[in-house]
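Quick note, the sequences are listed as chains A and B, same order.
Each residue of the first sequence is one higher than the one before, starting from 882 at the first, in this note's numbering.
Each residue of the second sequence is one higher than the one before, starting from 379 at the first, in this note's numbering.
Worth flagging that the hints you see were computed from the coordinates, not collected in a lab.
If you're wondering where the values come from, they're calculated on a predicted model, not measured in any experiment.
Ideal Cβ placement from N, Cα and C applies to all residues, glycine included.
Please note that the accuracy of each hint is not assured.
From the derived model, a few chain A residues whose C-beta atoms are all more than 10 Å from chain B [what the hints assert, rightly or not]:
id : residue
1  : Arg-887
2  : Ile-919
3  : Glu-934
4  : Met-945
5  : Pro-954
6  : Lys-972
7  : Lys-974
8  : Pro-1004
9  : Glu-1005
10 : Leu-1006
11 : Ala-1015
12 : Gly-1117
13 : Ile-1123
14 : Ile-1126
15 : Gly-1129
16 : Ser-1130
Counterexamples of contact, computed for chain A against chain B with all Cβ distances above 10 Å [said to hold, decoys possible]:
id : residue
17 : Gly-911
18 : Pro-926
19 : Gly-930
20 : Met-935
21 : Gly-1002
22 : Gly-1016
23 : Ala-1024
24 : Thr-1127
25 : Arg-1135
26 : Ile-1139
In the BS3-like style, the derived pairs of lysine-lysine whose C-alpha atoms are separated by at most 27 Å in a straight line are [stated by the list, open to error]:
id : chain 1 : residue 1 : chain 2 : residue 2
27 : B       : Lys-540   : A       : Lys-1045
28 : A       : Lys-995   : B       : Lys-385
29 : A       : Lys-995   : B       : Lys-443
30 : B       : Lys-443   : A       : Lys-1034
31 : A       : Lys-1098  : B       : Lys-385
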Amino acid sequence: MIASGRILEVVVLLASLAAMLFSILAAKRGKVPRIRKIACLEALPELVGRAAEMGTAVHFATGMVGLETAEAPIVTAGYAILGHVAELCGKYKVPIRYTAVFGYNIPIGRDLIKTGYTSGGHPELYRDDMVVYAGDHQQPYSAAIMGYIMREKPAANMMFGGIKYETMNTLGAGAIAGCMQAAGTPRLYYQPFLVAACDYAMIGDELFAAAALVRRKPEELGGILGQDIIKMIALGLIVLAIALITAGSDLFLRLTRI
Amino acid sequence: MSEIMRKAVVLSFAIPALFIVFSYYTGAVKSEAARLIAWPVTLANFSIILGVATFTRYHLERVTKRTEQWPFNLIAVASFMITFVLALVAKSTYDYVVSNVVIVLQISLMSFISFYNFTLFYRATRVRTAEVGLLLVSAILVMLWMAPVGEAVSPAFPTIGKWINDIPSGGAMRGILIGIAVGIIGLFVRSLIGYERSYVGG
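Let the sequences and hints guide you as you build the complete structure.
If you want it as structure tokens, here you go:
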């Protein structure tokens, strides 16, 4: 039934599913895990508050990675943060600008911002032109963001999602324009730039955790505990693999091939 | 988005995802799964129409309202229209415009990265913490390994730089990578069972 060479993968997937379900159901029954604070997520109200004080806007981008790719979960995590920031903007009466790179970003962005402003208590502040389409390429996308940042000088610049090399240009422009910057991506090669360029950054899998944390629902917090259980299992497997290979056994390697 | 619509979006993600997972692990219905994987790409390509409509409306509105810097909005729309028409009626002129205007502008924009690298490096140096100090020293040593000048100054620089890149940095990167993979699995599983709905504002 299961294709050869993928049995271990199925076992890992089922174990992950079991760990997630176990922790989600436990959280729903009242055993809500205590999650450490993510500094960048905690700082978002400060960034929006700064924009409110300065009377300028907040800029948001979710990056060049598309929903039709294998990295779609990164983009959806970015959307979750966009919804949260839009809610904060609605609460503090701050305009937001979301630069869209793909056509389908437009209805998604508009819907998230509209819902956010409504939840924040000021649906009347929402406008369709808060979402601006820049074109399906990296160069017009980064040019549009850089131009906007240098012209309008928003108080805060945020980039969460599947960001690529446009990060360098846009965060560089943000640094020159004096924006307070926050960004996060699990994409490995851009993390040093985020740390260097931003006031607050999410590295590694923090973006996924933040996406679950924004609503603070028990089942979502339980999901984070589930992830930690999977990490512990992975850590155990790594230690086992090191021990077996050091002892000269190829049992683990054979296991990965079944 | 209404609650019914939200559920529909979540289901429209979960059902095809389950089908693709089933096909991947069993090796069955491969061609159907491949077709299903091609759908989002096709849909994403179609969404460019929506993008063009939004782009044109946004810039034309700013032109008609004579907002600040409206001539740039006019240039944006005019550039799009001219290139679009040329692609349809005069292919050789279109190729000329792409080779001599678009690509040149793209290269110029890419070259900004080198300048911004310095801006970001300078910005990083202003932060006075031990961690940032460590980051900067490591970065300088790795740069001295990568750049030919490092070996010319001292043969030790390439050895130190390579060690930093391969051992502490490589180890940390792998650790982060495991965390990311688990994060993706977690988000995928949450989405499959319908608990991850924040991306639809739920």
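Hint by hint, which ones does the structure fall short of? 1, 5, 11, 22, 23
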